[in-house]
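**Student:** Line by line, the protein sequences are chains A and B.
Take the first sequence: its position 13, counted from the start at 1, is 13 in this note's numbering, and no numbers get skipped.
Take the second sequence: its position 417, counted from the start at 1, is 510 in this note's numbering, and no numbers get skipped.
Fair warning: there could be bad hints in the mix.
No more than 25 Å apart at the CA atoms, straight line, and that leaves these computed lysine to any residue pairs for SDA-like [to be verified]:
1. A:Lys23 / B:Gly511
2. B:Lys537 / B:Gly511
3. B:Lys114 / A:Asp82
4. A:Lys23 / B:Asp120
5. A:Lys23 / B:Asn356
6. B:Lys114 / A:Gln22
7. B:Lys167 / A:Arg83
8. B:Lys501 / B:Ala462
9. A:Lys23 / B:Lys201
10. B:Lys548 / B:Leu354
11. A:Lys23 / B:Ser118
12. A:Lys23 / B:Ala119
13. B:Lys201 / A:Glu19
14. B:Lys114 / A:Met87
15. A:Lys23 / B:Lys548
16. B:Lys501 / B:Ile463
17. B:Lys252 / B:Tyr279
18. B:Lys348 / A:Glu19
19. B:Lys537 / A:Met87
20. A:Lys23 / B:Tyr279
What the hints contain is simulated information worked out from the structure, not anything from laboratory work.
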Amino acid sequence: MELILLIFVFVLAAFLGFELIQKVPSQLHTPLMSGSNAISGITMVGAILAIRSTDGELGMWLGFVALILATINVVGGYLVTDRMLAMFKKKGK
Amino acid sequence: MEFIINLSYIVASVLFILGIKMLGSADTARKGNRLSAVGMLLAVVVTLLESGLDYPWIVVGLLLGGAAGMVWAKRVQMTGMPELVALFNGFGGLASLLVGWAEYAREKDFAGSEYQTFTAFAVIFAILVGGITFTGSLVAYLKLSGKMSGSAMTFPGQKAINAVVFVTLVVVGTIFIVTHAGWALYVIIVLALALGVLGVIPIGGGDMPVVISFLNSFSGIAASAAGFVIFNNVLIVAGCLVGASGIILTVIMCKAMNRTLGNVLFGSFGAAAGKSAAVEGEMKAISTQDAFFILEAAQSVVFVPGYGMAVAQAQHAVKELGSLLESNGAEVRYAIHPVAGRMPGHMNVLLAEADVPYEQLCEMDDINAIIETVDVAIIIGANDVVNPAAAEDEGSPIYGMPIINAYKARTVFALKRGKGAGFSGLENSLFFRDNTRMIYGDAKETMTGLVAQFKG
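Generate the whole structure from the sequences, applying the supplied hints.
**Tutor:** Below you can see the structure in the form of structure tokens.
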């Protein structure tokens, strides 16, 4: 049952994602891409959950490397997007 | 505790949804980005409440990754943005691959799972999509940063090799799902990584906006697959949102080139060229001095930037010339083609960095409506996006692609480094027209030269 629920959530999220943005001004194409790219770093939650010393060496190390990579993705992605949007703002006003 | 964690995941998902929605409109974009960052922070913090975690390593990992991300984001030049986005994207993909692999390393037979077969399938899917995202983004990064030739690389038997890799993946994947054998997993990892390289090397520089936004969507799908591996709802939702909204952007890019996604990914562009009409006439050069006299008299000037402006880092000089023209009484606008440059929105980022006022940036359709009234159109390192063959020559490979109709302006200045063809290898008949004058040389130097004329 739990699996069905997750698939249910997945399908709904897919439709929501398609509907979420329709006409994006070309000015925002890059920030939209790098901002959503940062969200895909959500996999860092999965990496944290893999870092358990009780479960053997390999799994923990894989999780550790995954965590570093995903954190770069998240932190770098959000900061760079914010930097770009700050530039847009400045001249908008 | 489990309840609080899952409740917080729901809140985080809502913040991601609002964040993406707000990123789609100019007034709210910055707030939206911050909102989604708060969502991310919330998701990470509540995850730390799970029991059995090895905190010292987690803290080290967070600090290392956070510091590296911060330094990278602060240091990058706006001209280096496409390759940085590609690189970050690749990291996300690799992380999802590793999360899938780690789950297998933790529980070889997925015995703890009610759904052994499904979990095995999810592991493969996360590894496959994550691996393609990683090496595909890495190749895109190398191409964009100039560490590797940006042109399409093709070799005989390429399609056959891809087909063999794909079939092997399906066979070995099935074996893994049935037997959970370790060797099958390792084969899949290697093949996934190979597929990413094979998939992106035959794609040329001008198609990069499509590829980057497609890989961005892929990294979301990989995260979502990793979510199914560990049965985590926030990974599934957030990953899926990125995957789906990334497809929208990819479609926008494809439409701007009048091509389908399949055509970009699998149909090596330019290979079919050759039947297009021969270009007649000759290119007529003009000195910056003569160009200055024409510009001085112009009432309306439109800049059409392309990838060449990014390469020459000419955006500041362009903006300076734009301001001078404006104080000289001319109406100045910047016409931006959706796929100009190497990533979606590339030109907007560069011009924003140079402080070009927002009102002066025009989208393709708006500028085409008034292009006949424009005195001078200045093409700065753009090529295919202003090639009239797209409108006129049915034999041309880019026929049907929407372009900025710069050739309809009264006078066209084309800034170009040399006489060669664009990335696609197509001759651009615009450069041979009677109303076109070529200004050869580095775009930045040309611009600075014109600025000096105005000031002198």
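**Student:** Next step is simple, just say for each hint if it's right about the structure.
**Tutor:** Hint-by-hint comparison with the structure:
{"no.": "1", "hint": "A:Lys23 / B:Gly511", "in the structure": "violated, 37 Å"}
{"no.": "2", "hint": "B:Lys537 / B:Gly511", "in the structure": "holds, 14 Å"}
{"no.": "3", "hint": "B:Lys114 / A:Asp82", "in the structure": "holds, 16 Å"}
{"no.": "4", "hint": "A:Lys23 / B:Asp120", "in the structure": "holds, 14 Å"}
{"no.": "5", "hint": "A:Lys23 / B:Asn356", "in the structure": "holds, 23 Å"}
{"no.": "6", "hint": "B:Lys114 / A:Gln22", "in the structure": "holds, 9 Å"}
{"no.": "7", "hint": "B:Lys167 / A:Arg83", "in the structure": "holds, 8 Å"}
{"no.": "8", "hint": "B:Lys501 / B:Ala462", "in the structure": "holds, 11 Å"}
{"no.": "9", "hint": "A:Lys23 / B:Lys201", "in the structure": "violated, 46 Å"}
{"no.": "10", "hint": "B:Lys548 / B:Leu354", "in the structure": "violated, 48 Å"}
{"no.": "11", "hint": "A:Lys23 / B:Ser118", "in the structure": "holds, 9 Å"}
{"no.": "12", "hint": "A:Lys23 / B:Ala119", "in the structure": "holds, 12 Å"}
{"no.": "13", "hint": "B:Lys201 / A:Glu19", "in the structure": "violated, 39 Å"}
{"no.": "14", "hint": "B:Lys114 / A:Met87", "in the structure": "holds, 20 Å"}
{"no.": "15", "hint": "A:Lys23 / B:Lys548", "in the structure": "violated, 42 Å"}
{"no.": "16", "hint": "B:Lys501 / B:Ile463", "in the structure": "holds, 10 Å"}
{"no.": "17", "hint": "B:Lys252 / B:Tyr279", "in the structure": "holds, 24 Å"}
{"no.": "18", "hint": "B:Lys348 / A:Glu19", "in the structure": "holds, 18 Å"}
{"no.": "19", "hint": "B:Lys537 / A:Met87", "in the structure": "holds, 22 Å"}
{"no.": "20", "hint": "A:Lys23 / B:Tyr279", "in the structure": "violated, 42 Å"}
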